[in-house]
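Chains A and B supply the protein sequences, listed in that same order. Following full-length UniProt numbering, the numbering of the first sequence begins with 1 at its first residue and continues without gaps. Following full-length UniProt numbering, the numbering of the second sequence begins with 1 at its first residue and continues without gaps.
Keep in mind that the hints were calculated from the coordinates and are not lab data. Don't take every hint at face value.
Any copy will do: because identical chains look the same in the list, a pair fits if it lies in one copy or spans two.
[As the list claims (entries may be wrong)] Quick list of in silico lysine-lysine cross-link-like pairs, DSBU-like style, CA-CA up to 35 angstroms:
1. Lys405 to Lys211
2. Lys394 to Lys372
3. Lys394 to Lys40
4. Lys211 to Lys40
Protein chains: 2
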Amino acid sequence: MAYFDAASAAPLHPVARQALLASLDDGWADPARLYREGRKARMLLDAAREAAAEAVGCRADEMVFTPSGTRAVHTGVAGALAGRRRTGRHLIVSAVEHSSVLHSAEVFEAAGGTVDRVAVGRGGAVDAAGYSAALRADTALAVLQSANHEVGTVQPVAEVAGICRAAGVPLLVDAAQSLGWGPVEGDWSLLTASAHKWGGPSGVGLLVVRKGVRFAAQGPVDERESGRAAGFENIPAIVAAVASLRAVRAEADQEAVRLRELTARIRTRVPELVPDVEVVGDARRRLPGIVTFSCLYVDGEALLHELDRAGFSVSSGSSCTSSTLTPSHVLRAMGVLSEGNVRVSLPMGVAEADVERFLDVLPGAVASVREKLGAPAPATRVRAAELVVDSLGKRCPIPVIELAKVIGEVPVGGTVRVLSDDEAARLDIPAWCEMRGQEYLGEEPAERGTAYLVRRLG
Amino acid sequence: MAYFDAASAAPLHPVARQALLASLDDGWADPARLYREGRKARMLLDAAREAAAEAVGCRADEMVFTPSGTRAVHTGVAGALAGRRRTGRHLIVSAVEHSSVLHSAEVFEAAGGTVDRVAVGRGGAVDAAGYSAALRADTALAVLQSANHEVGTVQPVAEVAGICRAAGVPLLVDAAQSLGWGPVEGDWSLLTASAHKWGGPSGVGLLVVRKGVRFAAQGPVDERESGRAAGFENIPAIVAAVASLRAVRAEADQEAVRLRELTARIRTRVPELVPDVEVVGDARRRLPGIVTFSCLYVDGEALLHELDRAGFSVSSGSSCTSSTLTPSHVLRAMGVLSEGNVRVSLPMGVAEADVERFLDVLPGAVASVREKLGAPAPATRVRAAELVVDSLGKRCPIPVIELAKVIGEVPVGGTVRVLSDDEAARLDIPAWCEMRGQEYLGEEPAERGTAYLVRRLG
Chain A
1 MAYFDAASAA
11 PLHPVARQAL
21 LASLDDGWAD
31 PARLYREGRK
41 ARMLLDAARE
51 AAAEAVGCRA
61 DEMVFTPSGT
71 RAVHTGVAGA
81 LAGRRRTGRH
91 LIVSAVEHSS
101 VLHSAEVFEA
111 AGGTVDRVAV
121 GRGGAVDAAG
131 YSAALRADTA
141 LAVLQSANHE
151 VGTVQPVAEV
161 AGICRAAGVP
171 LLVDAAQSLG
181 WGPVEGDWSL
191 LTASAHKWGG
201 PSGVGLLVVR
211 KGVRFAAQGP
221 VDERESGRAA
231 GFENIPAIVA
241 AVASLRAVRA
251 EADQEAVRLR
261 ELTARIRTRV
271 PELVPDVEVV
281 GDARRRLPGI
291 VTFSCLYVDG
301 EALLHELDRA
311 GFSVSSGSSC
321 TSSTLTPSHV
331 LRAMGVLSEG
341 NVRVSLPMGV
351 AEADVERFLD
361 VLPGAVASVR
371 EKLGAPAPAT
381 RVRAAELVVD
391 SLGKRCPIPV
401 IELAKVIGEV
411 PVGGTVRVLS
421 DDEAARLDIP
431 AWCEMRGQEY
441 LGEEPAERGT
451 AYLVRRLG
Chain B
1 MAYFDAASAA
11 PLHPVARQAL
21 LASLDDGWAD
31 PARLYREGRK
41 ARMLLDAARE
51 AAAEAVGCRA
61 DEMVFTPSGT
71 RAVHTGVAGA
81 LAGRRRTGRH
91 LIVSAVEHSS
101 VLHSAEVFEA
111 AGGTVDRVAV
121 GRGGAVDAAG
131 YSAALRADTA
141 LAVLQSANHE
151 VGTVQPVAEV
161 AGICRAAGVP
171 LLVDAAQSLG
181 WGPVEGDWSL
191 LTASAHKWGG
201 PSGVGLLVVR
211 KGVRFAAQGP
221 VDERESGRAA
231 GFENIPAIVA
241 AVASLRAVRA
251 EADQEAVRLR
261 ELTARIRTRV
271 PELVPDVEVV
281 GDARRRLPGI
291 VTFSCLYVDG
301 EALLHELDRA
311 GFSVSSGSSC
321 TSSTLTPSHV
331 LRAMGVLSEG
341 NVRVSLPMGV
351 AEADVERFLD
361 VLPGAVASVR
371 EKLGAPAPAT
381 RVRAAELVVD
391 SLGKRCPIPV
401 IELAKVIGEV
411 PVGGTVRVLS
421 DDEAARLDIP
431 AWCEMRGQEY
441 LGEEPAERGT
451 AYLVRRLG
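The shape of chain A in the complex, shown without the other chains (with noise of 0.2 angstroms):
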């Protein structure tokens, strides 16, 4: 079995485990008490808050503990939103945040507060110009991810961060995906991480809050945790964290040597081994370990059933794999395919001969899929005039499956009109265009659903 989901959660690191372990018997107690098993505990509590403190950058009393990387976003943004008030209600946040960033944002907007979704290139990245221009008077916060979760692409953070701090406005930085591999560059104002993407366990985020940002937690609070993080410290669980922190910050730079080569390797063969894949996010300012890739004609959920059989645990963000049913909002920004996405993200270690395998397994898988799905094959065409696709009560990716069949009958210069109501289409038609070099001629309301319109050129 390889695990290649490490975006998602790691597992837990050895270094982590003993210090868990080892924290169980001294950080059970109430830190807040004044006998002996409270000091013990509040012993550990303040050791890494300083340990981690300093892994980030910033003094330990900006640092606070949170139950999970999604709390720590909520509390910090609705926090920092709240203590600029009187400066306004405009927030901005880029197109291809983490779904805390998003729903933070909603619950924002809700509550009668304006929103900026700045939108990225098609390599995932935000141009700092785009914060720049969306920069307000009366702006409260801006928010930007050290490095995007679905495609590994690193942001302009300390660019962006300049922007904000020239127009006195904070940044708050989710830290999430990066924070393992190294400190955060740039005069950002907030930041925010989360322990089980770097090997912690489960049950700690980090929110940390520059001193003279103004900051106003929101909802009851009490008095643990500088009155911004309410509830019982789960004191060995973020012992573990820290400790873990720095085990992999010690090993960080020797290992994204490594896992760059690995993903390199990914990035260039897949294309070579798989027909019709379309590797998405940038191919320089990436982090260490995640690749994605998505194949046409390929149901994103079949595809990792058929990996995980293989033994390879790997996410997606195509339509079919999460429970709401609505394509990846990361890849709809980036304008890029969403059908049959595979996110690889390798853990810290991992073998260079499980890629290797996931390699040799991949292409038979995706044929596997393609092959129930009825997807034509690679450079099979056939001729005819200008048709309609009625591909109305299909799923993605039966649509562009459909579509693909029917391109070769149409002339050179001839339309096909495809009619679907799945929302998936409205991404990956475009999409499919300009992977197959046809023109995307836009949409159009049907009787039933939407019509897409396609020119075949050549």
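We have chain A; now place chain B onto it with these hints.
Only chain B this time, still in chain A's reference frame:
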């Protein structure tokens, strides 16, 4: 060393430790994923949910896991209030709830809601009729603890639940202190609990919302835990928490008898061994392991320090030990003495010899603190005329000590006027009068602080 603060946090149960270790290997992955590691995590989570639901007496789909008992309360109260917003914006709580409930109530009040705080008797129990009287047509929610965390008094939950049910108002029961001893009886609608109170690890709370209860989770949520507790599930801790709950429940009936006898011994013997002590909390309807008493002329923090030096870890609701420097709201609501307050909460499995040793050590510890503070010897009396005692700028228990020193100087029927600017005097002077058989005449504003008037009766 003897740890007598189980009501704050219990040491990790051996069964919890075993379960935690075992599930670190199988429970770290994302249970929402379809691959092998995700399925294993999901199975552990599902099994834990079934077992927890069985222990609570609810359906598995009514139970969600939260990051702490405090978060369970915050989420439960806010969600239930929002779910019944159309009914009205009135909340009923008891005056002796845990701070997490009172903080939730304060946030609700700040947002325009109305809160009724039902009074308790001198034993710390609410009268069910108090809830009956507080119910209104616009009552959205009532909250009542199953038992009090500071004095151990068991509340008439089943009776209050019946009253609320008849009125169509949901009752949320905070079962943090009692769930390890057994399920909560009665027809309640929501329930919260905290695993580290029964020997589970930190980081796990329970929130139960019965089917049919209107509930609207507040703030950003995600797809986890039925949209009621955002963030990556802490599965190893959840598994350990539930394993521990089952283990303590298996021993609960037998251990309850043993602890009840030990706390009864403390209740009886402390007033015999130590002069000027008031044992507080209901003598009959109480939790097995908690006993609380207050010592006149004693500074609570100094006494905890003495006891800690003697090897005993206990807590205190006295003003001087909490970080907020206000006397316990529980003791205040009960109208009992708060100074020199000590809560002994015995962990399951406590050694009888440790309890006996505590009874040996306590009289000397109290005497030592009293000597340092210059407290009057018991039964010392002198005589004089009407008096003013200026205790301005002096903190508890000095005003009461000074009152006690001069009461004998006024003739029977004469008065002492104590000037104090310490908030605790408002509670402690009347309580002293009751204990000493003197008449408390009331308070009035003074040039500085407040004047408390006491008439000597004997």
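Comparing the hints with the structure gives:
In this homomeric assembly, lysine 405 and lysine 211 never come within 35 angstroms of each other (Cα to Cα): the closest approach is 60 angstroms inside a single copy and 49 angstroms across copies. For a Cα distance limit of 35 angstroms, the shortest separation of lysine 394 from lysine 372 inside one copy, 15 angstroms, qualifies, whereas the shortest one across copies, 84 angstroms, does not. For the identical chains of this complex, lysine 394 and lysine 40 are inter-copy neighbours only, at 32 angstroms across copies versus 61 angstroms inside a copy, given an alpha-carbon limit of 35 angstroms. When the C-alpha separation of lysine 211 and lysine 40 is checked against a cutoff of 35 angstroms, the pair qualifies only within one copy, where the shortest distance is 28 angstroms, while the shortest distance between copies is 43 angstroms.
Consistency note: the structure conflicts with earlier hint 1 alone.
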